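Novice: Sequence:
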Amino acid sequence: ASFIILDEDTDIVWATQKMIHFFKHESCGKCSPCREGTYWLDHLYHRIRSGKASNGDVDLLTDITHQMAGNTFCLLGEFATAPVESSIKQFRDEYEKYVK
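The opening position of the sequence shown corresponds to residue 1 in my numbering, with each subsequent residue numbered one higher.
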């Protein structure tokens, strides 16, 4: 188990993107839910943070995590879903600032 402490000035979308990029890099690629899921999460975070997101992209992040959950060979894919789901649940307004 682990936890990360962020101050109130930290961009939660940026922090979550960094976590997802780590999980994408660490994925062995043997199971498609983790390989494809972390790829698409990383891709969507890049699109969101670059200001090119569409209205449904934040919901698509959650859809991808739901498809990954319970379908990966190891726990890396399971752990990758937690920061996405919790950050959207707690800080959805921060995500909405990026979507125009």
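Just so you know, the hints here were simulated from the structure itself, not pulled from any lab data.
A hint or two may mislead.
[To be verified] List of simulated lysine-lysine pairs, DSS-like, C-alpha gap at most 30 Å: (1) Lys18 - Lys97; (2) Lys52 - Lys97; (3) Lys30 - Lys100; (4) Lys52 - Lys24; (5) Lys30 - Lys18; (6) Lys97 - Lys30; (7) Lys18 - Lys100; (8) Lys18 - Lys52; (9) Lys100 - Lys89; (10) Lys24 - Lys97; (11) Lys89 - Lys52; (12) Lys52 - Lys100; (13) Lys89 - Lys24.
[Said to hold, decoys possible] Here are the in silico distance ranges between beta carbons for each label pair: (14) His66 - Lys100: 24 to 30 Å; (15) Glu8 - Arg35: 19 to 25 Å; (16) Asp9 - Asp63: 19 to 25 Å; (17) Cys74 - Lys100: 21 to 27 Å; (18) Glu78 - Trp14: 31 to 37 Å; (19) Gln90 - Lys30: 17 to 23 Å; (20) Gln90 - Arg47: 29 to 35 Å; (21) Asp93 - Glu36: 14 to 20 Å.
Just so we're clear, the structure is a prediction, and the values are computed from it rather than from any experiment.
Where is the CB? At the ideal position from N, CA and C, for every residue including glycine.
Novice: Now tell me, hint by hint, if it's right for this structure.
Specialist: Hint-by-hint comparison with the structure:
1. Lys18 - Lys97: holds, 18 Å
2. Lys52 - Lys97: Between Lys52 and Lys97 the Cα gap is close to 12 Å, so the pair holds against 30 Å.
3. Lys30 - Lys100: violated, 36 Å
4. Lys52 - Lys24: Satisfied, since the Cα-Cα distance of roughly 21 Å is no more than 30 Å.
5. Lys30 - Lys18: holds, 22 Å
6. Lys97 - Lys30: violated, 35 Å
7. Lys18 - Lys100: holds, 22 Å
8. Lys18 - Lys52: holds, 18 Å
9. Lys100 - Lys89: holds, 19 Å
10. Lys24 - Lys97: holds, 25 Å
11. Lys89 - Lys52: The hint holds at about 22 Å.
12. Lys52 - Lys100: holds, 8 Å
13. Lys89 - Lys24: Satisfied, since the Cα-Cα distance of roughly 22 Å is no more than 30 Å.
14. His66 - Lys100: 24 to 30 Å: holds, 26 Å
15. Glu8 - Arg35: 19 to 25 Å: About 35 Å separates the Cβ atoms of Glu8 and Arg35, which means 19 to 25 Å is violated.
16. Asp9 - Asp63: 19 to 25 Å: With Cβ atoms ~30 Å apart, the hint is violated.
17. Cys74 - Lys100: 21 to 27 Å: violated, 37 Å
18. Glu78 - Trp14: 31 to 37 Å: Since the Cβ atoms of Glu78 and Trp14 sit about 23 Å apart, the hinted range of 31 to 37 Å is violated.
19. Gln90 - Lys30: 17 to 23 Å: violated, 32 Å
20. Gln90 - Arg47: 29 to 35 Å: Since the Cβ atoms of Gln90 and Arg47 sit about 21 Å apart, the hinted range of 29 to 35 Å is violated.
21. Asp93 - Glu36: 14 to 20 Å: Violated, since Asp93 and Glu36 (Cβ atoms, about 29 Å apart) do not stay within the stated range.
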